[in-house]
Amino acid sequence: MRLGVLDVGSNTVHLLVVDAHHGAHPWPAHSEKVVLRLAEQIGPDGALTEVGADMLVKAVSMAKAAAAGLNTDDLIAFATSAVRDATNAAEVLARVRDETGVRLEVLPGADEARMTFLAVRRWFGWSAGRLLLLDIGGGSLEIAAGIDEDPTSAVSLPLGAGRLTRERLRLSPEDDAPPSARAVEELREYVDAQLDPVVEEIVEVGWERPVGTSKTFRTLARLAGAAPSGAGVWAKRSLTRTGLRQVMGFIRLIPPRQLTELEGVSMGRAHQLLAGAVVAEAVMRKLDLEKLTICPWALREGVILRRLDQFGPR
1 MRLGVLDVGS NTVHLLVVDA HHGAHPWPAH SEKVVLRLAE QIGPDGALTE
51 VGADMLVKAV SMAKAAAAGL NTDDLIAFAT SAVRDATNAA EVLARVRDET
101 GVRLEVLPGA DEARMTFLAV RRWFGWSAGR LLLLDIGGGS LEIAAGIDED
151 PTSAVSLPLG AGRLTRERLR LSPEDDAPPS ARAVEELREY VDAQLDPVVE
201 EIVEVGWERP VGTSKTFRTL ARLAGAAPSG AGVWAKRSLT RTGLRQVMGF
251 IRLIPPRQLT ELEGVSMGRA HQLLAGAVVA EAVMRKLDLE KLTICPWALR
301 EGVILRRLDQ FGPR
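Take the sequence shown: its letter number 262 is residue 262 in my numbering, and every next letter is one higher.
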């Protein structure tokens, strides 16, 4: 069957269409995304602005049309941190439904962690033993650990790269000066304080293989010397703590508008890279991780796999 997944995140609205059936590898047939940076459209009152809602409706409508043009059998649509945290989320979801016919499901942070964990477990298989998952998104950080397909522990923290860039570093893509050393240090202290309450829970579960997934970890790994995206999904990629510190050492000195000149850094997320690196370094340090394996599958694949499990074998 042909499935479409519409992921409304803090940075992008991403449509992924795959051909798959229960028990099979879901093969991508089409992928397209538009950068909205919805998290930056949250007003002082915590509500998604009218401009942000307009952009979202338009993006969802275009994605629905694209999915229909590709003859998808089912379209699974969900929203994560930016919509989840908006004080007017119910109104925005109702407007999207009324104007596009698409029902966006808001994923709680812990469910986001569980879905991503499922994707990572299926990618590496049972031989990977007990897994630890780290996923830095635009609005939140997801951590999950366990030995089954459903993790023993799954937590979500408000430590997304976009959120911290906006609220703590106060950077924009057009800034021509890097943040001060004091601002970066204050961010590190804030991230450490947010992580402290969950470290013991995760360590108690334990792991044999720590894994990082999604765009922030992939970009940091690329800057630290991992294979480029052109090498394909099967290329083995990893990120060491030493490599991460080296990356942080130079990106903290580069103005956001110039970070896009680095290979592997996308224009839409360049200004968020430093905040993401601070979170990555903090969680690796707190959990005493020297190396992460990078997994190409993440939340969207997890949602697809869960839906295929619901359909069952034919």
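Note that these hints are calculated values from the structure, not bench results. Since we're looking at a predicted model, the values are computed, not measured. Careful, some of the hints might be misleading.
[Unchecked claim] Calculated cross-link-like contacts (lysine-lysine; reagent style PhoX-like; alpha-carbon spacing at most 25 Å):
(1) K291 with K236
(2) K33 with K64
(3) K58 with K33
A quick look at each hint next to the structure:
Of the pairs offered as hints, the one joining K291 and K236 holds, with about 13 Å between alpha carbons and a cut-off of 25 Å not exceeded. Distance hint between K33 and K64 is fulfilled; the C-alpha atoms sit about 12 Å from each other, no more than 25 Å. A distance of roughly 12 Å separates the Cα atoms of K58 and K33; the hinted pair therefore holds under the 25 Å criterion.
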